[in-house]
Amino acid sequence: MASPGKPPVVHPALERNALGLTLRDYEGSMSTLCAGCGHDSVTAAIVRAFWELSTPPHRIAKLSGIGCSSKTPTYFVSGAHGFNSAHGRMPAIATGANAADRELAYIGISGDGDSLSIGLGQMVHAIRRNVDLLYVLENNGVYGLTKGQFSASADVGSKSKRGEPNPMAPIDPVTLALALGATFVARGFSGDKAQLVPILKAGIAHRGFALVDVVSPCVTFNDHEGSTKSYVHTRRHQVRAVLADFVPPAREITAAVGDGEATRVAMHDGSVVRFVAVPQNYDPTDRRAVFAYLQDQRGKGVIPTGLLFLDEGTPDLHEMSATIDVPLARVPYEKLCPGSRELERLQEEFR
Amino acid sequence: MKPTDTRDPAYYHKVVDCQWACPAHTNVPEYIRLIAQGRYTDAYMLNRESNVFPGVLGRTCDRPCEPACRRARVDGKPVAICRLKRVAADHRGEIADRLPRIPARKNGRRIACVGAGPASLTVANDLLPLGYEVTILEKLPEAGGLMRSNIPSFRLPGRVLDEEIGTILDMGVDIRYGTPVTSMKALLAEGFDAVFVGSGAPRGKDLDLPGRREAGGVHVGIEWLESVSFGHVDRIGERVLVIGVGNTAMDCCRTSRRLGGREIKVIARRTRQFFKASEWEIEDAEEEQVEIVVNHSPRRFVVEDGRLRGMEFDHAADTVFMPCDDVILAIGQEAAFPWIERDIGIEFTREGLPVVDPTTMESTLPGVLFGGDAAWGPKNIIWAVAHGHEAAISIHNRCSGVPVTERPPQGMNLVTQKMGLQEWSYHNEYNPAARAKMRHMDLGERLRRLDLEVELGFDAAQTAREAERCLNCDVETVFAESRCIECDACVDVCPLQCLTIAPDGGEEGLRPRLTAPARNAAQSLFASGALPQTGRIMVKDEDVCVHCGLCAERCPTSAWDMQKFELRIPYAGRPACTTKPEPASTISR
Ligand SMILES: Cc1cc2nc3c(=O)[nH]c(=O)nc-3n(C[C@H](O)[C@H](O)[C@H](O)COP(=O)(O)OP(=O)(O)OC[C@H]3O[C@@H](n4cnc5c(N)ncnc54)[C@H](O)[C@@H]3O)c2cc1C
Ligand SMILES: Cc1ncc(C[n+]2csc(CCOP(=O)(O)OP(=O)(O)O)c2C)c(N)n1
Ligand code: SF4
Ligand code: SF4
Ligand code: SF4
Ligand SMILES: [Mg+2]
Chain A
459 MASPGKPPVV HPALERNALG LTLRDYEGSM STLCAGCGHD SVTAAIVRAF
509 WELSTPPHRI AKLSGIGCSS KTPTYFVSGA HGFNSAHGRM PAIATGANAA
559 DRELAYIGIS GDGDSLSIGL GQMVHAIRRN VDLLYVLENN GVYGLTKGQF
609 SASADVGSKS KRGEPNPMAP IDPVTLALAL GATFVARGFS GDKAQLVPIL
659 KAGIAHRGFA LVDVVSPCVT FNDHEGSTKS YVHTRRHQVR AVLADFVPPA
709 REITAAVGDG EATRVAMHDG SVVRFVAVPQ NYDPTDRRAV FAYLQDQRGK
759 GVIPTGLLFL DEGTPDLHEM SATIDVPLAR VPYEKLCPGS RELERLQEEF
809 R
Chain B
79 MKPTDTRDPA YYHKVVDCQW ACPAHTNVPE YIRLIAQGRY TDAYMLNRES
129 NVFPGVLGRT CDRPCEPACR RARVDGKPVA ICRLKRVAAD HRGEIADRLP
179 RIPARKNGRR IACVGAGPAS LTVANDLLPL GYEVTILEKL PEAGGLMRSN
229 IPSFRLPGRV LDEEIGTILD MGVDIRYGTP VTSMKALLAE GFDAVFVGSG
279 APRGKDLDLP GRREAGGVHV GIEWLESVSF GHVDRIGERV LVIGVGNTAM
329 DCCRTSRRLG GREIKVIARR TRQFFKASEW EIEDAEEEQV EIVVNHSPRR
379 FVVEDGRLRG MEFDHAADTV FMPCDDVILA IGQEAAFPWI ERDIGIEFTR
429 EGLPVVDPTT MESTLPGVLF GGDAAWGPKN IIWAVAHGHE AAISIHNRCS
479 GVPVTERPPQ GMNLVTQKMG LQEWSYHNEY NPAARAKMRH MDLGERLRRL
529 DLEVELGFDA AQTAREAERC LNCDVETVFA ESRCIECDAC VDVCPLQCLT
579 IAPDGGEEGL RPRLTAPARN AAQSLFASGA LPQTGRIMVK DEDVCVHCGL
629 CAERCPTSAW DMQKFELRIP YAGRPACTTK PEPASTISR
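For the record, the sequence lines run as chains A and B. Reading the first sequence from the start, the letters are residues 459 to 809 in our numbering. Reading the second sequence from the start, the letters are residues 79 to 667 in our numbering.
Honestly, the hints are just simulated from the structure, not real lab data. Treat the hints with care, as some may be off.
[Unchecked claim] Straight line, CA to CA, 30 Å or less: simulated DSS-like cross-link-like pairs of lysine-lysine:
#, chain 1, residue 1, chain 2, residue 2
1, B, LYS515, A, LYS464
2, B, LYS217, B, LYS354
3, B, LYS496, A, LYS529
4, B, LYS496, A, LYS619
5, A, LYS464, B, LYS496
6, B, LYS354, B, LYS515
7, B, LYS155, B, LYS515
8, B, LYS354, A, LYS464
[Unchecked claim] Partner residues are not named here, just some residues of chain A that face chain B (Cβ under 10 Å, in silico):
#, residue
9, GLY463
10, LYS464
11, ARG482
12, GLY486
13, ALA493
14, GLY494
15, THR501
16, LYS529
17, ASP681
18, VAL690
Here the structure is a predicted model, which means the values were calculated and not measured. Note that the Cβ used here is the ideal one computed from N, Cα and C, for glycine as well.
Go ahead and model the full structure; you've got the sequences and the hints to work with.
Structure follows, in structure tokens:
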């Protein structure tokens, strides 16, 4: 028999979080992705991150576009709100949703095709507006869902499954986001959850746009020899450049600033990100230094990972727009839309 | 950690908790699947292979398998393994043509068995098909040992016993009833090639307290049950005190209830947690309005005018008097060998038990073997059967000129269950149903006669549901490390957090840092060799794996596969073979 779903039993010693929920309570339905897809591992990391943060499932909104990656919100936190938009349009929907209810935790899942081709114009504006959104870009160098065409993140020379090399230069979402002024920029690997989970937690805690570019191998169309987005290649070339810890609000940080511990950044919700190890002369809060480092690494064939840049000081969409604290969705309709007489009065003011 | 050697049959055998716990290593999950498919005769024969008395054991087995059952660890209650066995026995068809053929020409070897209990009967069952001539000498007028003389017919109907014992006797046992062996020396002088002592632990313990000698109406439990069983006793007083709280006590009180007893008390020295009786037997006794009195120690029998009036007990600081008409002593039994001379080379321990080798069952006198309750004191039927099988192997070794210590090894077989990409040939869906409750005959009805079987057996719906509660622990997760690409799919999907890809380390170090800490040290960890990409290892905690197959379903390279493990058990004259593993499945991405 094939399995219609996971058995409804749990490990008898399964831990519960502050809400009394187990990890399994943060799962979604069974994945229909290819067995071994990196995206499923990212899903597992997201499940763990929300569970560890004890985020109430109904206070989460998950959004996506089109692609295998964009299918994954179905596979985590079934209790959350969800919106599966048109190809590349997730940022617009997320911006609208966030404008209406600033209190939910927003997570957008996208792919390299969804974000860097059809949705590039969308993504950059969400960055520019600093929408309070954790943006997970599951990057496999191909359009997985449409059978493995090169995407805009494919490296020059990386080979397709049929053996043809990619001739065009890639768009690197990390440097792009840095250049656009993104306030949280990270890169991870689906095969390294020890690093990915704290990054995701920090991204959720971050107030503003948090880009997490995750190398997430397409096991079916881009995991062969010659691919630069395969499991083997990523393992050989990944460099954990920045090591960061996420310390939730309730827990006191007792450890002293250790050797090589560069910086601590206090997040808006009271949590703290501790940078435990960074490269020499590197400051994760200095955009120029991070840029310089990444430029320096280019061409060396390495894949630097970690929470690369963090700026908790830039206002987000709501602060920039000076909206009220109460989520607009909760303001009574009559107040939100006071009617034509009020509109006339307002227009009168500008005459 | 040292990579696990899964070619050792013991590794996967241990994962099949029930089979591992069963002294005879009955292939439980396989027979449960056969029952689920309605193949009752096949299920019965599979049982018979290892436990010889499926109909008897399906009602009376001590069921060491059930507390071991993995299902209990994930959902609180074990699979009703024993009751399912009974389903196979109750619904089986004709088996005559499936029994081993008995050669007309004998091999010229003659074996004597003392006592016709399950231990001796198993020896006969294993040796007769090999051409041995087996003589059983039995003191009583019928065969079966305590199964016949002590286990009451409301738990074990005579017809079930007759059938299963008959199957063995019909193989051509030379059984001599009413023949107590009174001298081992004399028996040995008869020139048998081997003597198997399966005489049980026939002596019921007495309670030597003031008044014991004068009082009539005081019975020793196992003797009294035997008298009832053979129809010598058919009544008891209205008020009965049963002393002791083991399984014998439960049979005594429930039998009393059917022979006129109305006010029956079972007296325990200590509290419930120390009771020796199986939980289900206590439940059944209480259902029949037997009162269990705890924390009372017998002090004396109260006898007036030569008549038993009652008993006195110490209870806390007080002395408590309880009136009664009869007392039944059920405080244990022991083996006794007044008929074995002490100067013929059979050594005994200080406790009066023979010195027996636990693997060969041989005593210190080569060619004389012990098994069942006679070997190490009272155990149960399934142990007696297990001893019988081992003793038969020893006897066959001896008669074939092979040292008894040379044990035939167990074998194994693994067969993939893969039918397609995500398709298995076993039912891997988890059935959340609760354990089925046994239906009982109405209280008023069942007490009318001694031989009305109380348990009615599972009906068809119960059987179907209960069979699906089995987790198929014999369908093993088999790992081929060379194929693993460390994508984590299996680790992520496992609903019970059994899997971890971790840097190598000692087992002690690994246990606490697995996906879910492996706290149950009684359960094995599987460890692979170094994985190709990172050199880390795959570790599986076997503890609560529900054998759902999801790890194998989600593995892109078929590094995990679900393969049915079959333990091949050697029996006398039938060595077990290991089938060469199939070439690794070619289904991959
Ligand atoms: C009341 C009671 C209830 C029990 N209920 C259960 C139960 O529900 N489930 C379970 O698994 N076990 C139960 N047992 C235990 C089980 O019956 C025994 O462990 C089992 O029968 C032992 O088998 P055996 O072959 O070693 O010997 P036995 O069954 O004791 O058979 C020994 C035979 O040898 C004969 N014998 C003895 N001495 C001589 C001699 N010198 N010469 C010739 N013959 C001799 C005896 O008459 C007897 O027939 C119960 C025991 C008792 C007392
Ligand atoms: C408007 C529109 N154009 C094209 C497509 C076809 N299409 C579906 S998914 C996809 C690319 C997905 O690639 P990516 O975002 O990298 O996701 P992956 O499957 O690799 O995870 C494309 C081009 C579409 N669905 N809609
Ligand atoms: S096609 Fe590639 S990206 Fe899509 S599910 Fe399969 S492995 Fe994952
Ligand atoms: S069969 Fe595999 S997925 Fe299922 S419980 Fe066992 S280890 Fe986990
Ligand atoms: S799913 Fe298969 S390939 Fe992936 S980690 Fe598990 S065993 Fe290895
Ligand atoms: Mg892609």
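These are the hints, each one checked on the structure:
1. Between LYS515 of chain B and LYS464 of chain A the CA atoms are separated by roughly 27 Å; this keeps the pair inside 30 Å, and the hint holds.
2. With a CA separation close to 29 Å, the supplied pair LYS217 of chain B and LYS354 of chain B stays within the 30 Å bound.
3. Taken as a hint, the LYS496 of chain B and LYS529 of chain A pair is honoured in the structure, with Cα atoms around 28 Å apart against an allowance of 30 Å.
4. Of the pairs offered as hints, the one joining LYS496 of chain B and LYS619 of chain A holds, with about 28 Å between alpha carbons and a cut-off of 30 Å not exceeded.
5. About 18 Å separates the Cα atoms of LYS464 of chain A and LYS496 of chain B, which keeps this hinted pair within 30 Å; it holds.
6. At roughly 23 Å between alpha-carbon atoms, LYS354 of chain B and LYS515 of chain B fall within 30 Å of each other, so this suggested pair holds.
7. Taking the CA atoms of LYS155 of chain B and LYS515 of chain B, the gap is about 11 Å. The hint holds against a cut of 30 Å.
8. Taking the CA atoms of LYS354 of chain B and LYS464 of chain A, the gap is about 40 Å. The hint is violated against a cut of 30 Å.
9. Hint status for GLY463 of chain A relative to chain B: holds, with the closest Cβ pair at about 9 Å, below 10 Å.
10. With its C-beta approaching chain B no nearer than about 4 Å, LYS464 of chain A sits inside the 10 Å limit, and its interface hint holds.
11. With its C-beta approaching chain B no nearer than about 7 Å, ARG482 of chain A sits inside the 10 Å limit, and its interface hint holds.
12. Interface restraint check: GLY486 of chain A against chain B, minimum CB-CB distance 12 Å, threshold 10 Å, status violated.
13. Given the 10 Å rule on beta carbons, the hint for ALA493 of chain A holds: about 5 Å separates it from the nearest Cβ of chain B.
14. The interface hint given for GLY494 of chain A is met, as the beta carbon of that residue sits about 3 Å from the closest beta carbon of chain B, less than 10 Å.
15. The closest approach between the C-beta of THR501 of chain A and any C-beta of chain B is roughly 8 Å, which is under the 10 Å cut-off, so the hint is satisfied.
16. At its closest, the beta carbon of LYS529 of chain A sits 16 Å from a beta carbon of chain B; the interface hint therefore is violated under the 10 Å criterion.
17. For ASP681 of chain A, the shortest C-beta to C-beta distance to chain B is roughly 7 Å, which falls under 10 Å, so the interface hint holds.
18. About 6 Å separates the beta-carbon of VAL690 of chain A from the nearest beta-carbon of chain B, less than 10 Å, and the hint is met.
Hints 8, 12, 16 from the list above are not met by this structure, while the remaining hints are.
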